[in-house]
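Enquirer: Line by line, the protein sequences are chains A, B and C.
Taking our numbering, I'd label the letters of the first sequence as residues 1 to 254.
Taking our numbering, I'd label the letters of the second sequence as residues 1 to 404.
Taking our numbering, I'd label the letters of the third sequence as residues 1 to 480.
Rather than coming from a laboratory, the hints here were simulated on the basis of the structure.
Some hints here could point you the wrong way.
What the hints assert, rightly or not - To give an idea of the chain B side of the interface with chain C (calculated C-beta under 8 Å), a few residues: (1) Asp104; (2) Lys323; (3) Gly338.
Built from N, CA and C at the ideal position, the CB exists for glycine as well.
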Amino acid sequence: MSNNKNEKVLEIKDVHAKIGNKEILKGLSLDLEPGKVHAIMGPNGAGKSTLSKTIVGHYDVEMSGGDIIYKGKSIKDWEPEERALEGIFLSFQHPVEIPGVNNAYFLRTAVNAKRKHEGKEELNAAEFLREMKKYLELLGMKSDMISRSLNEGFSGGEKKRNEILQMMMLEPDVIILDEIDSGLDIDALRAVSEGINRMKDGKRSFLVITHYSRILDYIEPDYIHVLKDGKVIKTAGPELVAQLEEHGYDAIEE
Amino acid sequence: MTLTINNLKKKSKDEIAQMLGLTDDLPPSKEAALERLAELGIPTKKSEEYRYFDVESLLDKSYEVHLHVPKEPKIGEKIVIENGVIIEVPKGMRVYYDQCDALDLTHYDPIYYLSHLLAPHVIKIDLDGDAEVELVHRYTHSGALLPYRIVLFNQENRHATVYETFETEEISESLILYGYDMHIAKDSTLRLIKTQSMDENRYAMISSNRIKVNDHANAIIKTFDLGGDHALQLLKVDLGTYSHIDAGHLLYLNHQAKRGTVSKINHIGEHSTSQQEAKNILDGNARGIFDALIKVEHSAKWTKAHQNSKAILLHEDAYMAAKPQLEIYIDELEASHGATTGQLDRKQIFYLQSRGISYVEARKMLVIAFANTLIETVKDTRHQERIQKAFEKAFYAGHKELKR
Amino acid sequence: MAQEEIDKAVSGEYTLGFEIDVETDVVPPGLNDDVIRFISKKKEEPEWMTELRLKAYHKWLKMEEPHWAHLHYDPIDYNSISYYAAPKTGGPESLDEVDPKILAAYEKLGISLEEQKQLAGVKVAVDAVVDSVSVKTTYQEELQKHGVIFCSISEAIRDYPELIQKYMFSVVPMTDNFFAALNSAVFTDGTFVYIPKGVRCPMELSTYFRINALNTGQFERTLIVADEGSYVSYNEGCSAPMRDENQLHAAVVELVAMKDAEIKYSTIQNWYPGDENGKGGIYNFVTKRGLCKGDNSKISWTQVETGSAITWKYPSCILKGDNSVGEFYSVAVTTLAQQADTGTKMIHLGKNTSSTIISKGISAMKGQNTYRGLVKVGANADGARNYSECDSLLIGDQCGAHTFPYLESKDTKGQIEHEATTSKISDEQLFYLRQRCINEEDAVSMIVHGFCKEVFSQLPMEYAVEAKALLELTLEGSVG
Chain A
1 MSNNKNEKVL EIKDVHAKIG NKEILKGLSL DLEPGKVHAI MGPNGAGKST LSKTIVGHYD
61 VEMSGGDIIY KGKSIKDWEP EERALEGIFL SFQHPVEIPG VNNAYFLRTA VNAKRKHEGK
121 EELNAAEFLR EMKKYLELLG MKSDMISRSL NEGFSGGEKK RNEILQMMML EPDVIILDEI
181 DSGLDIDALR AVSEGINRMK DGKRSFLVIT HYSRILDYIE PDYIHVLKDG KVIKTAGPEL
241 VAQLEEHGYD AIEE
Chain B
1 MTLTINNLKK KSKDEIAQML GLTDDLPPSK EAALERLAEL GIPTKKSEEY RYFDVESLLD
61 KSYEVHLHVP KEPKIGEKIV IENGVIIEVP KGMRVYYDQC DALDLTHYDP IYYLSHLLAP
121 HVIKIDLDGD AEVELVHRYT HSGALLPYRI VLFNQENRHA TVYETFETEE ISESLILYGY
181 DMHIAKDSTL RLIKTQSMDE NRYAMISSNR IKVNDHANAI IKTFDLGGDH ALQLLKVDLG
241 TYSHIDAGHL LYLNHQAKRG TVSKINHIGE HSTSQQEAKN ILDGNARGIF DALIKVEHSA
301 KWTKAHQNSK AILLHEDAYM AAKPQLEIYI DELEASHGAT TGQLDRKQIF YLQSRGISYV
361 EARKMLVIAF ANTLIETVKD TRHQERIQKA FEKAFYAGHK ELKR
Chain C
1 MAQEEIDKAV SGEYTLGFEI DVETDVVPPG LNDDVIRFIS KKKEEPEWMT ELRLKAYHKW
61 LKMEEPHWAH LHYDPIDYNS ISYYAAPKTG GPESLDEVDP KILAAYEKLG ISLEEQKQLA
121 GVKVAVDAVV DSVSVKTTYQ EELQKHGVIF CSISEAIRDY PELIQKYMFS VVPMTDNFFA
181 ALNSAVFTDG TFVYIPKGVR CPMELSTYFR INALNTGQFE RTLIVADEGS YVSYNEGCSA
241 PMRDENQLHA AVVELVAMKD AEIKYSTIQN WYPGDENGKG GIYNFVTKRG LCKGDNSKIS
301 WTQVETGSAI TWKYPSCILK GDNSVGEFYS VAVTTLAQQA DTGTKMIHLG KNTSSTIISK
361 GISAMKGQNT YRGLVKVGAN ADGARNYSEC DSLLIGDQCG AHTFPYLESK DTKGQIEHEA
421 TTSKISDEQL FYLRQRCINE EDAVSMIVHG FCKEVFSQLP MEYAVEAKAL LELTLEGSVG
């Protein structure tokens, strides 16, 4: 993929989406450029999490209008795993615990599913473990992460690091980080952002969803989009962060 | 008339009617009760509900059936029912005899039907408004079979409380068959706090109850069964939509007691919730029973059901039979149960003793601490203290005899 | 490693439902003294065994079929069942004499009766039973070097009468229950194992049961005796062809563990379950009981129950020796219209005895799954401990999961703990896995395996793989 300025990897076009009977996204449009970091900011209830759920095809969300174009194809009717296999990754705000499912076994299944989809050789157990250990070390995670059950009994920080571990090993093209900084202490935040920054390769796009600007000190955004009442009301460069810090969301005019 | 209940075993409907001296033209509810009794049969030690309760020896005895003759009750502070007869009623309260018109035809307990058949009428209590009433049962006859039933109604949107206690004279060898048909109205709360201290060899009791919790209603049933003798309370609870039951059962038994709870809570309506907790402390030769089923019907989506039993055995001859059960027919629910049986922690007792507290007092402290989580759910401090006193009395009665 | 099996499993049908096309000797349906004499004669049994069978039969006639379990099925007509069926070729002397069709059938089941064909490095001795007859026992010679007896029960009655007379009926008395009494009268084959003092059995022992003939019951009887300080791990597997009629399987298993001995007994039960309307399938009424006779002995039951229309089965431990240990690990799956009422009994009699119960019930489609267990602590069982955990997983809203534990304690120095939970596969868990590139079906099986993990980890390696594949096969199509 060339780094053409007008190229878009993900186009969200006038999307309307409901959760239950409540319309949350009310004609939201947003384009992601390859290799860029897009930050979505906005007050509580603006629809930030719904946006991420809509992109990955979450069962809670019903799209009632608009379209989502990913690499030139409409993905709005795709199954969640199809979107994932094509390279869309969501780091969950609250990763679910799955008792008894071994963390390494799970991740190897996921990685091999993606490799198979891309026509690559699947990794055997030894190859996979070598890779996994490399990333564990990088993220400052204990090696017992290999044998523990998926997210079960993990601390907040461990869960978020585990999300980043999965992201690094799945090598996605579009990465959505939903409140990745919530519940993290400073060390964990540093480790997590280091992992994210390492993933920047000039091609991958990032959608960083955050309520606070803290994470943006670590991951420099290219664009800031302000979300309010189910719509993007302003798009600007990183200079907007300081403005938001000072005046809050109410000061933003459409 | 004298009666040995076991003689009704394996008899047909007509034979039972004849043996109970029931006339031909029975009201429809009694006709139906007769049919169900014949169908279920007299309980034996093989009946699942009576598995741990020595029912056969009780039903094998011959009793004088005590016919209660209604008399004009006096006005007082409480409802007092002596030998099945209303003798005292608070001013303005509606407590009266009536025919039972609404029988539960799906009750699992044959004694529910037998007590309805034997009782010539039911005692109806209409709880007006946010009533708070004390109900005292008193027994004065030896060798008697005393069957009586209470039908309890409350009003919609109201919160009523009944404190129930039992008194007895120096009687022996009686059998009481009694119980409630409770109809808890929509959007209301009914609290029943029962305390039953029993001495050894006074009377035995089988109390068979039906509790219908209508939509959006709350039932709070707390039972405190203390002391000796034989008594079994059988509950059948039907839960409507968004209704809730909070049931707590404290057992503190000594001597040769065989007592406990058999319950079936049926979740029928959506979003119904149940919470049941049993704490059992068993001393002497006592046997505690907690045989509780939570059934979630196919209709009862989004149900929550939690059940827990904890037992402490204080004496090497004490015995606990716990049977917490779940029967579930849907997947949209949250259900769990747990049961433990253990004993007091020696280290804890030793710690208290090392601070100068006697062995008996140390045990009492730990046992009361265990029981307190249930006693504290009785919000009214006066009644809380009353229960605590009854509890202590039962504790010392057990410990005097054991000479520890 | 497991992928091949898993792929095979995804076909979604009862793949073991073929029929072996060999001629069989079958007695006409019905039961009377003559049929019992006939069975006994066919087995070339000594007179004392014939007498014991007749005694059991006469007692059985006076007994009633139990109906306390949470099971609903049409009455069984005991006179329409044939109580003896045997492949006509009879008992073979060597593998060459085994009917090639039976050999082929076992290959199809994934079980090799040719010793050299066993998995590299893992030796498993197999006793293969078709209908009423043991057709082949492998590795007998090698086992004999260690003094281990591993043969069909019919051979044992002929060759080791003292052991049989001493131990048969010693754990499950002849009239223990209705189905055990029936088995005592008509049992046709099964396996006998004796491990001598101080011997650690050098390989896994395994019996494979197959009901083949039409309208027959299978009534096998297994007896395992582990003498002082010995160890054995024994596995049984079962399958049956697809038939519209219900077939009765009423087996008895007796285990005896002497001082310091350990028996590990694993079952993978995959009898034909019938169809989704409850038509056909095996009625599985089985009595399994182990006696921890000596001090420090241990008996461990592990079962993976996926088949049968009706399952009525409570592998139990009588913990008589001081410090003896009983374990029960179970995965029971009911899907289609299957009904299972299964669990265990742990009877604590000796001092400091301990027991562990881990039961995982999975219900899907119209399946009804009941855990029924008894933990009984006797007055002399000072310091007895039990821990029970019974979890249910529901898939769909037409199925049922029921937990009926009976906890009876008479001991003041022990501890009993029971916990149970009921859950479903949450949408959240499924979505999480799908967002990580894993398709829905794999996601469900991953969650189900996670749920069963504690039990699978108790199985020997090859059987754990088989159990996993079987689970996937069973739940195929029940999620959606």
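Enquirer: Confirm or reject each hint.
Expert: To see whether the hints hold, each was checked on the structure:
1. Asp104: violated, 23 Å
2. Lys323: holds, 5 Å
3. Gly338: At about 5 Å, which falls below the 8 Å cut-off, the nearest Cβ of chain C leaves the hint on B/Gly338 intact, so it holds.
In this structure, the one hint that does not hold is number 1.
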